[in-house]
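Asker: Listed below are the residues making up each chain.
Protein chains: 2
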Amino acid sequence: MNTQSQIDAATIRADIRAGAHTGHTAGLAPGKLQCNLAILPERYALDFLRFCQRNPKPCPVVGVSETGDPMMPTLGRNIDIRTDVPKYRVFRDGGLFSEVTDISDLWSDDLVTVALGCSFTFENALQRYGIPVRHLDDNVLVPMFRTNIPLVPAGPFHGHMVVTMRPIPEAMVSRAHEISGRYPQAHGAPIATGDPAALGIQDLGQPDYGDPVEVRDGEVPVYWACGVTPQNVLLDAQLPICITHSPGHMLISDVAEDAETPIYHP
Amino acid sequence: MNTQSQIDAATIRADIRAGAHTGHTAGLAPGKLQCNLAILPERYALDFLRFCQRNPKPCPVVGVSETGDPMMPTLGRNIDIRTDVPKYRVFRDGGLFSEVTDISDLWSDDLVTVALGCSFTFENALQRYGIPVRHLDDNVLVPMFRTNIPLVPAGPFHGHMVVTMRPIPEAMVSRAHEISGRYPQAHGAPIATGDPAALGIQDLGQPDYGDPVEVRDGEVPVYWACGVTPQNVLLDAQLPICITHSPGHMLISDVAEDAETPIYHP
Numbered sequence: 054m055n056t057q058s059q060i061d062a063a064t065i066r067a068d069i070r071a072g073a074h075t076g077h078t079a080g081l082a083p084g085k086l087q088c089n090l091a092i093l094p095e096r097y098a099l100d101f102l103r104f105c106q107r108n109p110k111p112c113p114v115v116g117v118s119e120t121g122d123p124m125m126p127t128l129g130r131n132i133d134i135r136t137d138v139p140k141y142r143v144f145r146d147g148g149l150f151s152e153v154t155d156i157s158d159l160w161s162d163d164l165v166t167v168a169l170g171c172s173f174t175f176e177n178a179l180q181r182y183g184i185p186v187r188h189l190d191d192n193v194l195v196p197m198f199r200t201n202i203p204l205v206p207a208g209p210f211h212g213h214m215v216v217t218m219r220p221i222p223e224a225m226v227s228r229a230h231e232i233s234g235r236y237p238q239a240h241g242a243p244i245a246t247g248d249p250a251a252l253g254i255q256d257l258g259q260p261d262y263g264d265p266v267e268v269r270d271g272e273v274p275v276y277w278a279c280g281v282t283p284q285n286v287l288l289d290a291q292l293p294i295c296i297t298h299s300p301g302h303m304l305i306s307d308v309a310e311d312a313e314t315p316i317y318h319p
Numbered sequence: 054m055n056t057q058s059q060i061d062a063a064t065i066r067a068d069i070r071a072g073a074h075t076g077h078t079a080g081l082a083p084g085k086l087q088c089n090l091a092i093l094p095e096r097y098a099l100d101f102l103r104f105c106q107r108n109p110k111p112c113p114v115v116g117v118s119e120t121g122d123p124m125m126p127t128l129g130r131n132i133d134i135r136t137d138v139p140k141y142r143v144f145r146d147g148g149l150f151s152e153v154t155d156i157s158d159l160w161s162d163d164l165v166t167v168a169l170g171c172s173f174t175f176e177n178a179l180q181r182y183g184i185p186v187r188h189l190d191d192n193v194l195v196p197m198f199r200t201n202i203p204l205v206p207a208g209p210f211h212g213h214m215v216v217t218m219r220p221i222p223e224a225m226v227s228r229a230h231e232i233s234g235r236y237p238q239a240h241g242a243p244i245a246t247g248d249p250a251a252l253g254i255q256d257l258g259q260p261d262y263g264d265p266v267e268v269r270d271g272e273v274p275v276y277w278a279c280g281v282t283p284q285n286v287l288l289d290a291q292l293p294i295c296i297t298h299s300p301g302h303m304l305i306s307d308v309a310e311d312a313e314t315p316i317y318h319p
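Chain order of the listed sequences is A and B. Under my numbering, the first residue of the first sequence carries the number 54, and numbering increases by one thereafter. Under my numbering, the first residue of the second sequence carries the number 54, and numbering increases by one thereafter.
Because the hints were derived from the structure by calculation, they are not lab data. Even for Gly, the Cβ is constructed at its ideal location relative to N, Cα and C. Watch out, some of these pointers could steer you wrong.
[Unchecked claim] Distance windows between CB atoms, simulated:
no.	chain 1	residue 1	chain 2	residue 2	range
1	A	Y182	B	R181	22 to 30 Å
2	B	H318	A	D162	33 to 41 Å
3	A	G76	B	Q259	35 to 43 Å
4	A	S227	B	V153	44 to 52 Å
5	B	D248	A	P237	27 to 35 Å
6	A	D158	B	L257	51 to 59 Å
7	B	H230	A	Y182	21 to 29 Å
8	A	S227	B	P185	26 to 34 Å
9	A	S227	B	G121	38 to 46 Å
10	A	G183	B	V153	53 to 61 Å
11	A	P237	B	P185	27 to 35 Å
[What the hints assert, rightly or not] Covered by chain B, according to a simulated footprint, are these stretches of chain A (three or more residues, beta-carbon under 8 Å):
no.	stretch
12	236-248
13	311-318
Chain A extracted, bound-state conformation (with noise of 0.2 Å):
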């Protein structure tokens, strides 16, 4: 059966430039890599790559374009950041301005596009090791915290972490660790596990962002650096133009999730 699982990165990328495909990337193109997008004005990318530089569980870079190139060729063939994500964030000064699903008249030739990488890596990884991930099997979305953990500042960029929690059963953190681990291009390992007063998280039954999961005995709530960490910081630093892309709607990269070395396309 050829589900749209199965169907490659450069196909589904095709569609979604089309516009056939202007849903969540959850799922699709297994095996590789999904990004987080940040575009800003390229006055601002060194702090932003310091400020990631810093941060590096919420902020892993897995991409940098050249300033008003909209071309990704670290990331794939042929990837135009213009149109190859279903669906885009717009912010002017610290606002949202518009959700989009093509930034082409928004391009201009002082942006530069940073990707990060995103958790899709890590559970499918989880689930491949009988790691049940609880969102998934609900099909909610993760639920998100804003901790007290602050993050590292660079230029106007500053703020405070925040984490996905998943509920995982107690037999299967540390297992659950070590897996994560692996990916430090995708947030890598937990950073803290257990009680949410410790993080500064008032009620877990309470997301800041997506949708509560239960957390059943014998099961300890486990918590990843997130990739809304960016997109806050991005907000609170009221630049004149920042685009990401809309949560769940990421770009799908060609490289391998496991990869140790980006891949480049001329």
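The hints should help you fit chain B onto chain A, whose structure is shown.
Answerer: For chain B alone, kept in the frame of chain A given last:
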């Protein structure tokens, strides 16, 4: 016995700052990340960070300073990059200008420091696991070779990879691969094994830099990406000014070699 290798990083940096230690740093402050340095004008920093992101094996970024700020708070307490490295090389317009032990008089408001991981980290790990490291046993410099492996370009930065070679007993090669692979911030796993001609290396007995070492019966030449790569690339880019450490004379950080996240001492 209080040998020098047991003295902590901060004490060694204080000695270096005072001019009491101008030698190499191999074996000092074991367990702490040592760093290659590239100090360059801000207008080249974004391209250089792009270059490093695209070539993470030879150029693993472990710290980036604020523009014009000589302190490196993400690498340790009270690190002043102008004085805390035993020896520096100053390049102007692509030529070696001078070798000095202090760059205070060269510092300016537009300089950015990029710190890159170095092979000392995985060499220590190999030895801890009983894998011999020939050049350390022979007390010579590691042999380094220019290769035909192209780097992914960014702005003015381009060229070919330089590798180090260590002869490893055949039965230990996969173990050496696994151990060094745990340190992506220090060049990670080898980039190749075996036939030097496949990398464009003509004679293992005649390294381009460093000293030759014997490859004995039953041993395989194993190649790792080398921190000389970015030095050559910077030299070829003919920047008006660029400052690096002198080979073997590294910045000793307070960061644990196996740290997954940076530190911060504002």
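Asker: Given the hint of 33 to 41 Å, is the C-beta distance from H318 of chain B to D162 of chain A inside that range or not?
Answerer: holds, 39 Å
Asker: Mind checking the hinted window 38 to 46 Å against the Cβ distance between S227 of chain A and G121 of chain B?
Answerer: Holds: the Cβ-Cβ distance is about 45 Å, inside 38 to 46 Å.
Asker: Does the Cβ-Cβ separation between H230 of chain B and Y182 of chain A fall within 21 to 29 Å?
Answerer: holds, 22 Å
Asker: Counting residues of the stretch 311-318 of chain A whose CB is closer than 8 Å to a CB in chain B, do you get three or more?
Answerer: holds (count 4)
Asker: Take a look at whether the Cβ-Cβ distance between S227 of chain A and P185 of chain B falls inside 26 to 34 Å.
Answerer: holds, 32 Å
Asker: Please verify the coverage claim for the stretch 236-248 of chain A: does it have three or more residues whose C-beta sits within 8 Å of some C-beta in chain B?
Answerer: holds (count 3)
Asker: In this structure, is the beta-carbon distance linking S227 of chain A and V153 of chain B contained in 44 to 52 Å?
Answerer: holds, 49 Å
Asker: Taking the CB of D158 of chain A and the CB of L257 of chain B, does the distance hold inside 51 to 59 Å?
Answerer: holds, 57 Å
Asker: In this structure, is the beta-carbon distance linking Y182 of chain A and R181 of chain B contained in 22 to 30 Å?
Answerer: About 29 Å separates the Cβ atoms of Y182 of chain A and R181 of chain B, which means 22 to 30 Å holds.
Asker: Quick check: does the Cβ-Cβ distance between P237 of chain A and P185 of chain B fall within 27 to 35 Å?
Answerer: Check passed, 29 Å falls within 27 to 35 Å.
Asker: At the C-beta level, are G183 of chain A and V153 of chain B separated by a distance inside 53 to 61 Å?
Answerer: For V153 of chain B against G183 of chain A, whose Cβ atoms are near 58 Å apart, the range 53 to 61 Å holds.
Asker: Is it true that the C-beta distance of G76 of chain A to Q259 of chain B lies inside 35 to 43 Å, as the hint says?
Answerer: Violated: the Cβ-Cβ distance is about 58 Å, outside 35 to 43 Å.
Figure legend: structure checked against the earlier numbered hints; the only hint not met is number 3.
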